[in-house]
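A.B. asks: Residues per chain, in single letters:
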Amino acid sequence: MSVNEKFTSIRKGLLEFLVLKVIAADKVYAADILDQLSRTEFATQEGTLYPLLSKMRREELVDYEWKESDAGPPRKYYQLTAKGREQLKETSEYWQKINATLRNLGQP
Amino acid sequence: MNKVISINLNGNAYQLEEGGFEALRAYLDTAARRLESNPDKAEIMADIEEAIAAKFRSLLGPNKTVIVAKEVADIIAEMGPVEDAAGAAEIPHPGAGAPAGAGRDAEGAAPVPPARHLFKIHEGAKIGGVCTGLAAYFNIDVTLVRIAFAFLIFAWGSGLLLYVLMWFILPSASTPAEMAAAHGMASATAQEFIRRARQGYYEGTRTFGDKRAYREWKRRFKSEMRGWKQQVKWGVPPWTPNPPPAGAWIALPVLNTLISAVSIIGFIALVSLVATGDVFGLGFFVWWPFWARILTLVGLIGLVRCPLKAIRRSYYGYPWGHWGPSGSLWCVLKWVFVVYLVVWIFGIHTGLHDAVQHLPPKLHHAASSVEQWWNQQ
Numbered sequence: 001m002s003v004n005e006k007f008t009s010i011r012k013g014l015l016e017f018l019v020l021k022v023i024a025a026d027k028v029y030a031a032d033i034l035d036q037l038s039r040t041e042f043a044t045q046e047g048t049l050y051p052l053l054s055k056m057r058r059e060e061l062v063d064y065e066w067k068e069s070d071a072g073p074p075r076k077y078y079q080l081t082a083k084g085r086e087q088l089k090e091t092s093e094y095w096q097k098i099n100a101t102l103r104n105l106g107q108p
Numbered sequence: 001m002n003k004v005i006s007i008n009l010n011g012n013a014y015q016l017e018e019g020g021f022e023a024l025r026a027y028l029d030t031a032a033r034r035l036e037s038n039p040d041k042a043e044i045m046a047d048i049e050e051a052i053a054a055k056f057r058s059l060l061g062p063n064k065t066v067i068v069a070k071e072v073a074d075i076i077a078e079m080g081p082v083e084d085a086a087g088a089a090e091i092p093h094p095g096a097g098a099p100a101g102a103g104r105d106a107e108g109a110a111p112v113p114p115a116r117h118l119f120k121i122h123e124g125a126k127i128g129g130v131c132t133g134l135a136a137y138f139n140i141d142v143t144l145v146r147i148a149f150a151f152l153i154f155a156w157g158s159g160l161l162l163y164v165l166m167w168f169i170l171p172s173a174s175t176p177a178e179m180a181a182a183h184g185m186a187s188a189t190a191q192e193f194i195r196r197a198r199q200g201y202y203e204g205t206r207t208f209g210d211k212r213a214y215r216e217w218k219r220r221f222k223s224e225m226r227g228w229k230q231q232v233k234w235g236v237p238p239w240t241p242n243p244p245p246a247g248a249w250i251a252l253p254v255l256n257t258l259i260s261a262v263s264i265i266g267f268i269a270l271v272s273l274v275a276t277g278d279v280f281g282l283g284f285f286v287w288w289p290f291w292a293r294i295l296t297l298v299g300l301i302g303l304v305r306c307p308l309k310a311i312r313r314s315y316y317g318y319p320w321g322h323w324g325p326s327g328s329l330w331c332v333l334k335w336v337f338v339v340y341l342v343v344w345i346f347g348i349h350t351g352l353h354d355a356v357q358h359l360p361p362k363l364h365h366a367a368s369s370v371e372q373w374w375n376q377q
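Listed in order, the protein sequences are those of chains A and B.
1 is the number of the first residue of the first sequence in our numbering; add one for each residue after it.
1 is the number of the first residue of the second sequence in our numbering; add one for each residue after it.
For the record, the hints were derived by calculation from the structure and aren't laboratory data.
Careful: at least some of the hints might be erroneous.
Footprint (simulated), chain A over chain B, 3 or more residues, beta carbon under 8 angstroms [said to hold, decoys possible]: (1) 5-13; (2) 31-39; (3) 71-82; (4) 278-287.
In silico DSSO-like pairs for lysine-lysine, Cα to Cα no more than 27 angstroms straight-line [as the list claims (entries may be wrong)]: (5) K3/B <-> K55/A; (6) K41/B <-> K126/B; (7) K67/A <-> K126/B; (8) K3/B <-> K21/A; (9) K27/A <-> K3/B; (10) K12/A <-> K41/B; (11) K55/A <-> K70/B; (12) K6/A <-> K76/A; (13) K64/B <-> K21/A; (14) K67/A <-> K70/B; (15) K76/A <-> K55/B; (16) K76/A <-> K55/A; (17) K83/A <-> K64/B; (18) K64/B <-> K41/B; (19) K76/A <-> K41/B; (20) K3/B <-> K41/B.
Where a beta carbon is used, it is the ideal one built from N, C-alpha and C, also for glycine.
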């Protein structure tokens, strides 16, 4: 089993965190998120992202508004809610702790 | 050359090759099933359809109006399987069959083709809709069918006979369900697409903030839906019944009684002709061969019934061309032509008369010679 395969479930679990990060940076629509993730190890597909976004909206982490686009019908632009920002902050802190643990564990 | 099917994704029409349509349908059906328990199912489906539509749009241009099956397959692969974020994706839906097959009800699984039926199709017909019906049934170009019939007419007129017989026998595809069956498609699928489109529309409008943008979008959506309805030849009724005109309450029962009376008398006459070789002892063209007499009688019954039925149809308010007021005229002309043809063949041209009288044995001869040729191969 390659490292890539071993980390499949971890990547899946982290996806929500990454999506929060992407949305926190700027108002984006789904294709933007996919595009930004596609250049990372967390590249994903519409089939996964849309259900995830809908779950996050249900949990009131994100919100969206319709905006006209130059080409085609209006798009849903996502942004973080207060709860989403709070969640992102907590997750970031927790991730720092994990990183610190990884760095420090086993060190003399 | 492949058949093209128009579909609606979130209120826009796209043309797909038949194979691509089937694959997309299977993909969306699987997605819908996996999201069955998700409270946001409708919204996610609308998002997914919009994403597919956006990918279609990027492929289309002024010189490319149809998405081929390969492109649909690529897009489906790009989209990836729809997984419920709540974690329900791994649970097979009830009735998926053996546990081992749980992961296999995947995208692109061949759906069961719905049953095809042979109908006359008046849309795009030249004469009676027989050729268009056959073309839809066998999924081939209608021109080929017409050429085949033209050739058969030269083969001792058998094409003509065959055509006229099918004209009498085949039912017309008039309802959306019949139209779908004529093309071998499930109309339920079409209904499902419409339902989704509408749902997508309402989902969209509900969350719209800007009033002007909302109005503009609504206007565009509506005009696109209208255009699309004209295009789609299955699932959506190409007509909407008008309110019945005044006097329908008295005219309809009278018409129905008249039509029934004509049908019953016609049927008894036909039974009498088959049983005794004559209609009620009136000496009905007794000097003609038996089959020509039957043909003429059926033609005469049609001649009487057609205008009555056309009037009744106009009372039911079907505004489409073939069955409009001109439809009844066309219908009468059709039957006049059939009767005239029979009279002409047996009344005037003695040479042709002999030839047609010997038609059934000749047909038999032709069939056996084809059989011989086949056996030699």
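A.B. asks: The structure should be examined with respect to each hint, and the outcome stated for every one.
C.D. replies: Status of the hints after comparison with the structure:
1. 5-13: holds (count 3)
2. 31-39: holds (count 4)
3. 71-82: As far as the stretch 71-82 of chain B goes, the hint holds, because 5 residues have Cβ atoms under 8 angstroms from chain A.
4. 278-287: violated (count 0)
5. K3/B <-> K55/A: Status violated; Cα separation ~39 angstroms.
6. K41/B <-> K126/B: violated (46 angstroms)
7. K67/A <-> K126/B: violated (49 angstroms)
8. K3/B <-> K21/A: Given that 27 angstroms is the threshold and the Cα spacing comes to 46 angstroms, the pair is violated.
9. K27/A <-> K3/B: Status violated; Cα separation ~42 angstroms.
10. K12/A <-> K41/B: Status holds; Cα separation ~21 angstroms.
11. K55/A <-> K70/B: violated (32 angstroms)
12. K6/A <-> K76/A: Roughly 34 angstroms between the alpha carbons, so the hint for K6/A and K76/A is violated.
13. K64/B <-> K21/A: violated (39 angstroms)
14. K67/A <-> K70/B: violated (32 angstroms)
15. K76/A <-> K55/B: Within the cut-off at roughly 16 angstroms; holds.
16. K76/A <-> K55/A: holds (15 angstroms)
17. K83/A <-> K64/B: violated (46 angstroms)
18. K64/B <-> K41/B: Status violated; Cα separation ~33 angstroms.
19. K76/A <-> K41/B: holds (16 angstroms)
20. K3/B <-> K41/B: violated (31 angstroms)
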